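The primary structure of each chain is shown beneath.
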Amino acid sequence: MEVNKIRLEKKGIESLLSPLEADVMKLLWKKEKSRVREIHASLKKDRKVALTSVAVILDRLHTRGMVSRTAEQGRGGTHYIYSANASKEGFEAKVIENTVEKLISSFGPVAVNYFNERFSKQ
Amino acid sequence: MNHLICVADFLWSPVNVLLSTVSLSLAYLAFSKLRTNVPVRQKLALAYTHIAALIFPFALFGLKMACNTLGFGCHSIVTAVFLYALPATIVLASMFGFALVPLLYTRSSSSSAIRGSLFSFLDTHAKTLDTKTPGLYSIDNPAPFAFSFSTLRPSIFLSIGMLDILSKKEIEAVVLHELSHIANKDSLLKMPSFLIRLSPFSFINGFGSSISEQEKRADGFAASVQGTEKHLASAKRKIEEYSQLAG
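First to last, the protein sequences are chains A and B. Its first residue numbered 0, the first sequence is counted upward by one per residue in numbering that gives the first Met the number 0. Its first residue numbered 0, the second sequence is counted upward by one per residue in numbering that gives the first Met the number 0.
Check each hint, because a few of them may be wrong.
Straight line, CA to CA, 35 Å or less: simulated DSBU-like cross-link-like pairs of lysine-lysine [unchecked claim]:
no., chain 1, residue 1, chain 2, residue 2
1, A, Lys47, A, Lys32
2, B, Lys237, A, Lys25
3, A, Lys43, B, Lys167
4, B, Lys215, A, Lys32
5, A, Lys29, B, Lys215
6, B, Lys215, A, Lys47
7, A, Lys43, B, Lys237
If you're looking for bench data, these hints aren't it; they were derived computationally from the structure. Just so we're clear, the structure is a prediction, and the values are computed from it rather than from any experiment.
Chain B with its partners taken away, still in its complex shape (with noise of 0.2 Å):
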């Protein structure tokens, strides 16, 4: 009966509920909006866009609860807002986001293993890093782009676009660089950079390196196993390409 009471005076406050309503409706709007054609990194800012919208009402309403029990004394909704249930829902919804947008593209119906040589030539260089073997899989997209998440199952994904008009040295290249990303246990992947600011897991990921001097890294490994710079480098420049011609 309590927990009801404490629901109701949650309730009660018209700023409590406009708050609330204007957050759900945000998350449903970004959860509508993911489920249709966008750019990779759009998606991912999406995901984490519905799950911190998601969060931030049970946040609020616990933080005021703690704030009514407790007698923080913190009644301004501007206190409850900014100095706690922001950060808290900021804090909830990377972990969140770190375990689970993972898995949106695993699951996906989107995406399906590679297996084969290709992943056979992953495995081989894995081993040589000492790092697990990660996930490989293939994208449903026609534009070219490759990404990977260092995370609870590291796993490298490669759109059917890119395997498309990339040569099997080029691709190859591209999963060195990828693969470097994961062992180095890089940045989360390409995030939006204001999401990477925003989330405190940037300082436990890449840390004291910058976005730029990971992929220096990350292309130097790849030119270091092939012997050579020029498969990346043209994977590169075909990816512009089809950028730019894409428009």
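Same shape as in the complex, but just chain A (with noise of 0.2 Å):
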């Protein structure tokens, strides 16, 4: 996944994601196949928030490679099930690496030089 924008103020995921793309990926990890209505009413114990701002969320995280869908017929009709396309760990380490390479990429020589000696620290 692309990192353009990482809040330093937060941490983990809610550096990378919007507090409410955060909380759909953190249930997609705990449940791994969900519809909409699912999330939804999981997400509605804690926070007042719409259907339709559900869906369009996953329809971004799919956007991005962060979850996949596939539509499957069933009790009701046909309907989008979404999982998370990596593991928390997998998509964080992810993050990481995209990140570390935008930095080298940046900074060149200066980044590369700091991640030696840090590491060499330890």
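Hey, can you piece these two chains together into the complex? The hints should help.
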């Protein structure tokens, strides 16, 4: 996943995703496959959120490659089933990898030297 | 041999070649864009553009040959294009589109037939309207929308996005709305208005009634069956909300 903006005042995935996006991803990591309504029902317990907002967020996450989507026939007709494309750890590792690559690409030797010193101290 | 001479004669004119090349290029571009993820209305415009642009060179060729054979004296390319080829293209494209565009959707890999309780609901109400039950399909698209064709094989299409966010009653309201369009043989579907004006079938379908009157009638039908306007109103609100949030 492309990393273009990190909010350094936040921690974990909240530094990368909006609060609602982060909550949606946490739910998908917890429960592997979910419908839009199921995610909405879980989120509604803790915050006021519209079903349409959840649907839009899931579509955005799908466009960004973070979730996959399949159409499945079931009770009540055809619905999308969403699932996370990577585990939480896998996602975080990818973010770190992309971020470090961007830093090296932007700052070149300064960034490389920093990482060398930082990791050699450990 | 005469046919080859006719073709050679047609292609001898740089203007004919230029017009045909531009038209076929436009057909190719429209087709390429058609295969991408564009909104439904754009898809329809592209489908008609593709068909018209494909037909135009042949219409121009045929009419040039007719002109030469029958001695109409329409040697001017401007006359041939604007008085004969373009109108003929529009008529032929409308006819082909009328028949073929719905097949784009029913035969597409992104649509699948809906069965079960929703189809039974549609079947019941189609019978009350003394209308053949239209096909009911879902379209693989996260945006909520619905449309129908009242053509050779009437069909109603609901996006999976719509099935995801609307309640059972709201979906039924939408289905009733679309069924009303089909039963009343309303506009081909919610086409871009410029295509409606160009198509000769706008005089046959929904004769004398404007698109907004058709919409009111369809809304009224859904409300009368459900005994309330609230489900359709709620469905429209959610669709609008999605559209605003998605940007």
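Okay, the hints, checked on the actual structure:
1. The straight-line distance between the Cα atoms of Lys47/A and Lys32/A is roughly 23 Å, inside the 35 Å bound, and the hint therefore holds.
2. Taken as a hint, the Lys237/B and Lys25/A pair is honoured in the structure, with Cα atoms around 25 Å apart against an allowance of 35 Å.
3. Among the hinted pairs, Lys43/A with Lys167/B is consistent with the structure: their alpha-carbon atoms are about 20 Å apart, no more than 35 Å.
4. The straight-line distance between the Cα atoms of Lys215/B and Lys32/A is roughly 40 Å, outside the 35 Å bound, and the hint therefore fails.
5. Note on Lys29/A and Lys215/B: the hinted pairing is violated, with a Cα-Cα distance of about 46 Å set against a maximum of 35 Å.
6. For a cut-off of 35 Å, the pair hint linking Lys215/B to Lys47/A stands: about 33 Å separates their Cα positions.
7. A C-alpha spacing of about 17 Å is found between Lys43/A and Lys237/B, which places the hinted pair at or below 35 Å, so the restraint holds.
Of the numbered hints given earlier, the model fails hints 4, 5; all others are met.
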